[in-house]
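Q: First to last, the protein sequences are chains A and B.
1 is the number of the first residue of the first sequence in the UniProt record's numbering; add one for each residue after it.
1 is the number of the first residue of the second sequence in the UniProt record's numbering; add one for each residue after it.
Everything labelled a hint here was simulated from the structure, so no lab data went into it.
One should not assume that every hint holds.
[Unchecked claim] Derived pair list, reagent style DMTMM-like, types lysine to aspartate or glutamate, alpha-carbon separation capped at 25 Å:
no.	chain 1	residue 1	chain 2	residue 2
1	B	K292	A	E300
2	A	K292	B	E300
3	A	K339	B	E128
4	B	K54	B	E324
5	B	K339	A	E128
6	B	K135	A	D264
7	B	K339	A	D264
8	B	K232	B	D78
9	A	K261	A	E300
[What the hints assert, rightly or not] To spell it out: a stretch of chain B is covered by chain A in this simulated footprint if at least three of its residues, at any positions, have a beta carbon under 8 Å from a beta carbon of chain A; those stretches are:
no.	region
10	297 to 304
11	309 to 319
In this text, all values refer to a predicted model and were calculated from it rather than measured experimentally.
Every residue, glycine too, gets a C-beta built ideally from N, C-alpha and C.
2 protein chains.
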Amino acid sequence: KITRGVKKMPSAGAAAPPPPPAIDELYMERDFYIGLALALSSSIFIGSSFIIKKIGLLRLSRVGSVRASAGGFGYLRDWIWWAGLICMGVGEAANFAAYAFAPASLVTPLGALSVIVAAVMASRFLKERLNLLGKLGCFLCIVGSTIIVIHSPKEGEVEDLNLLIDMLQDPTFITYVVLILSLALFIGCCIGPRYGHKHVAVYILLCSAIGSLTVMSCKALGLALRDTLSGKSNDFGMWLPYFLIIVTVVFVGIQVNYLNKALDIFNTSIVTPIYYVIFTTLVITASAILFKEWRHMRPEDIIGDLCGFFVVIVAVILLNAFREMDISLSDVKGIMRPKRELLSH
Amino acid sequence: KITRGVKKMPSAGAAAPPPPPAIDELYMERDFYIGLALALSSSIFIGSSFIIKKIGLLRLSRVGSVRASAGGFGYLRDWIWWAGLICMGVGEAANFAAYAFAPASLVTPLGALSVIVAAVMASRFLKERLNLLGKLGCFLCIVGSTIIVIHSPKEGEVEDLNLLIDMLQDPTFITYVVLILSLALFIGCCIGPRYGHKHVAVYILLCSAIGSLTVMSCKALGLALRDTLSGKSNDFGMWLPYFLIIVTVVFVGIQVNYLNKALDIFNTSIVTPIYYVIFTTLVITASAILFKEWRHMRPEDIIGDLCGFFVVIVAVILLNAFREMDISLSDVKGIMRPKRELLSH
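Just need the whole structure built from these sequences, with the hints factored in.
A: Below, the structure is given as structure tokens:
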């Protein structure tokens, strides 16, 4: 039987040692798994942090302090709340580091796992009910993430900052940046004030558009840090890293501001799935334009990657949009009874 | 950049022509796509046949004939009903042929697509409402099927009947057959009469267990027919094909009998998903034991195949188990409104 898709070993006739690219590839695969591990642990930390912070706030409100939403600062003296904040910080740091090792088209979609971690922990520790559709959503989210991991390009997109600087000057990418920035400006100045309070997607679109640029600058910054820390080259002798730090801080600020606006006006259970879908789509688009990952991917991996992403989208919708509905296994058990019994009821 | 997973071309130094197995592999891939096309068209025909037959029966009941369920035979004179039956026949024949070309672990899961075709056509031509979860289910079903197709082994499992005869004598497979037959006998004689009317899974389990053997014998029969028709060898000079025909007819009879029993006692919307899940799982198990497909598969293809199967399972559940529920986009649109509006309602 012939194996398919497996790399052919050098045949017995060719006694030459394997060519040097194989070692490079090995390093790249190692980087991929480091990035994957960072992305997964980041999801666990961020997901847990939501729950830990909520437990802290709930405990405070039971003790009788003024709740945070009413302007109280009692939570600052609570160690559980601090534990949550540190958990969040570790998670965000791991997420940032993950971008330096693995493709953005892998790290961003895996962010959905933090929603699952939060949902599962909430139903366990906060006794918040997770309905049947939520459970199916969790299951699908894990399945979809696995599919994304299988099909994600295993080699790094760019290995040093100088190469990235060349890539950043690509006319298509510059066009993308200009388009995104004008879109953000247009929404911020014209559409936002008029429709931001009526349609849930308005502020989220702004937030995601800027977010896709933040991810790219985080990735560049992570690469510079990685090169410098490993002693490969001192990228901080250049102006670029400082520019990237400023850009990242400004963009994160804009993102947090508009995400909070959206969360203030609309329900979390609709903001989360819409944000996930738009944000991840735009990050994948930006990453595809900048790194042209699909050029090195087999067609079935591109299709598989998209399919995995679609599965996670449905999962996030199931987990959030139907949260308020009262659907449990007992409802479905009803139709498992014989027809005659159903008629007599 | 290094491409991954793509078969390495013979390097420029080696001027030798590609080795002969490559041509075999080409034929195998061609067979795979023939089998895939047959499986897909089979789903379209079978799915349509349900709807055409139902349209015919509805028209007759409007004209005033005695309905089929009341013992009338008026439908036999109706051309629409006949068109449905022929459609079904063509679909089953295509399905049978598909097994001769492509792995059973590809053809059986794709059967879910006929459920979608039927659901979409029912909502279009019979004005049966498909709720939001049903639509998500249809989408997921297509995505999951795509994932299965991508990861399915592209080469045929067995190329002629003599090889298959050797495989059929494998002790593990004989153990499987004995286990399945005793399970079927045990359910048919002991469990069925006592619990068949109470639990939906009882008759379906019997039906699926026998079904997994039917698929294997259909596959062998299809192979024999294919060899004979292409003039490769005259398999019908042996006793095996005649034995396989008898086995197939008996098994199909048992399957139809017990499936009808299950459909008679329980609702179609719960029988369909449970039957799909148990039947497909057992076919994949039988196929894995008989053909040991996983031996030639990369680990990521095995994982991907399973993930695709899981996605389709969730899709079939969403499409069927929640059918009676009244969930539409307008329910979800509710949570897309600003919080303040929700409070004032």
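Q: Taking the hints in turn, state whether each one holds.
A: Evaluated hints:
1. Proximity of K292(B) to E300(A) is assessed by CA-CA distance (about 24 Å); at most 25 Å being required, the pair is judged to hold.
2. Of the pairs offered as hints, the one joining K292(A) and E300(B) holds, with about 24 Å between alpha carbons and a cut-off of 25 Å not exceeded.
3. Between K339(A) and E128(B), the direct Cα distance comes to roughly 20 Å. Compliance with the 25 Å bound is thereby established for this hinted pair.
4. This hinted pair checks out: K54(B) and E324(B) have alpha carbons roughly 19 Å apart, not beyond 25 Å.
5. A threshold of 25 Å between alpha carbons decides the hint, and for K339(B) with E128(A) the separation of about 20 Å falls inside it, so the pair holds.
6. Proximity of K135(B) to D264(A) is assessed by CA-CA distance (about 31 Å); at most 25 Å being required, the pair is judged violated.
7. Between the alpha carbons of K339(B) and D264(A) the distance comes to roughly 8 Å, so the proposed pair stays at or under 25 Å and holds.
8. Straight-line distance between C-alpha atoms of K232(B) and D78(B) comes to about 43 Å, which puts the hinted pair past the 25 Å bound.
9. Our distance criterion of 25 Å between C-alpha atoms is broken by K261(A) and E300(A), whose separation comes to about 40 Å.
10. Only when three residues or more bring their CB closer than 8 Å to a CB of chain A does the claim for the region 297 to 304 of chain B stand; here the count is 5, and the claim holds.
11. Counting residues of the region 309 to 319 of chain B whose beta-carbon sits less than 8 Å from any beta-carbon of chain A gives 5, enough to reach three: the coverage restraint holds.
Consistency note: the structure conflicts with the earlier hints numbered 6, 8, 9.
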